[in-house]
Amino acid sequence: MSEAVKTIKVTIDNITVDVPVGTTILQAARMIGGDVVPPAMCYYSKLQDSGGKCRTCLVEVSKGSEADPRPMPKLVASCRTGVMDGMEVKNMTSPKVEDARNGVVEFLLLNHPLDCPVCDQAGECHLQDLGYGHGKQGTRYEFKRRTFEKHDLGPYIQLHMTRCILCYRCVFVADQLTDKRSHGILSRGDHAEIATYIENSLDNNFIGNVIDVCPVGALTDKTFRFKNRVWFTKPVNAHRDCKCCSGKVTLWQRGEEVLRVTARKDQWGEVEEWICNECRFEKKKTTDWTIEGPTHVSRHSVISQGHYENVQMPNETFKAVHGGRNPQLLMDIHSVSEVNDPSIDLSLINGPATSDVYNPSTKQA
Amino acid sequence: MASLTNRAKVLEQKPMNFMERLYLPAIFKGMAITFMHMFKKKATISYPEEKRPFSPVFRGLHVLNRDEEGRENCTACGLCAVACPAEAITMEGAERKTSEEHLYREEKYAAKYEINMLRCIFCGLCEEACPKDAIYMSETFAPSNFTRKGFIYSKDELLIPNPVNDKEKYDIAKGMREAQLKNK
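Top line first, the protein sequences correspond to chains R and X.
Residue numbers for the first sequence follow my numbering, so the first one is 1 and each next one is one higher.
Residue numbers for the second sequence follow my numbering, so the first one is 1 and each next one is one higher.
FYI, nobody ran anything at the bench for these hints, they're computed from the structure.
Be aware that one or more of the hints could be misleading.
[Said to hold, decoys possible] Below 25 Å or equal to it, Euclidean Cα-Cα: the simulated DSS-like pairs (lysine-lysine) are:
| hint | chain 1 | residue 1 | chain 2 | residue 2 |
| --- | --- | --- | --- | --- |
| 1 | X | K112 | R | K285 |
| 2 | R | K234 | X | K112 |
| 3 | X | K132 | R | K144 |
| 4 | X | K14 | X | K29 |
| 5 | R | K63 | R | K9 |
| 6 | X | K149 | R | K150 |
| 7 | X | K97 | R | K136 |
| 8 | R | K53 | R | K144 |
Chain R on its own, in the form it takes in the complex (with noise of 0.2 Å):
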């Protein structure tokens, strides 16, 4: 075999781009990056085999290959198809693309229970903004949503099997980054289902790491439960010395609190660098953690709102002009508002706030 990476042309929506030989066409289109890119939502390039299950990233390959140049009978899923020289690929452009991927969100929040407002994957989950870019404004769906039985997968992790779109990355996790795989999916078509077969809390030290990937809020953190929206949240690069991971994630901070902790994420939505279970759900302080600064968030991205990055902070001039004296405070605005209220440390509560923790009279006791 030559010794020089050979690389073959691959032309998707009228862009050329070199790849190499075995790359997939979603592959290639990430490499051109922009527009053209299919949506996927079971698909990770950093866990094997996964991929073919959602058909979001179906496209139209109306040119196989310089050698046979008959188009494909059928839309392809470009996350499986591998590219051939000459091949062209048609995604944004194809009409029948279009058509099909908002078949595919139909049937995706056909079960799907739309419970946005109260799901903690809002703000950053990818059905969201499969729906907003190809959903339709109702359905045509009359029966009831599928329902199932509550599994408690232990004191990290909480599964809302409603939500799930079983696109098997969280299984993948398991099978490629733990030792011993204690979930996966039960039963067949519609009562297909994540679950441990005996009530089993998922404990391994890299297990966390499903929360990541989900797709969708099936999988959320339980630390990070209903405490606040994403979007209020203000993402921050940090890092510590781990034994057993990189230890570089995302806090995501109200105040000095730490909210919530997550790996890094790449511009496809993908982990950067898997992290374990002790930085994840454990290091709740900011002292734990060097801060390098705010995340770059996508501005079309809701998280975004905060406008965190490149602030600069005004100087305050009051005390230099008042010869060092602090302005008086004429309110205190936690002697009026209940919210955010200092003597409760949301970050260090285990699990969602309930009453107990807002009612007074428990506070006292």
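Once you have looked at the hints, place chain X on chain R.
Chain X only, in chain R's frame:
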């Protein structure tokens, strides 16, 4: 002082003529106008006793809605707060316990919900953003106050009375418009 532009008009001060010096004709003329207004339609109303109907799109004080079983609609999703251009709305969510299912409609609810009426510009974007029919703008306005403290409205002030326990007050809170519509 020399004029800068030579365009200034010199004020003419003519001496008043006889009729003007009498004063009385001008006074009677003015009094006649005043007298005429007594028979015209009044532009004002005696406010606290009498109230003008609000326009159907009037945006007044906020109300947090309940469903017909008296459970709170709000799930602390934060859409009103993110839509609010004045950043007047703050809230804290909590998880519903099994003993509280008659109080809150969904598994998450707003444990704290505050609107700073001094910040609020009554634009109605919160009402528009709400996916749960939880916040509405009523046909009243915030009463005036001497201190700022009274203007931070918490859930006690915002929640509509319970339609199960307190039907009478609930109907009053539902507003005059509904009663008017029923009468027609």
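Going through the hints against the structure:
no. : hint            : in the structure
1   : X/K112 - R/K285 : 24 Å, holds
2   : R/K234 - X/K112 : 21 Å, holds
3   : X/K132 - R/K144 : 20 Å, holds
4   : X/K14 - X/K29   : 22 Å, holds
5   : R/K63 - R/K9    : 12 Å, holds
6   : X/K149 - R/K150 : 45 Å, violated
7   : X/K97 - R/K136  : 35 Å, violated
8   : R/K53 - R/K144  : 24 Å, holds
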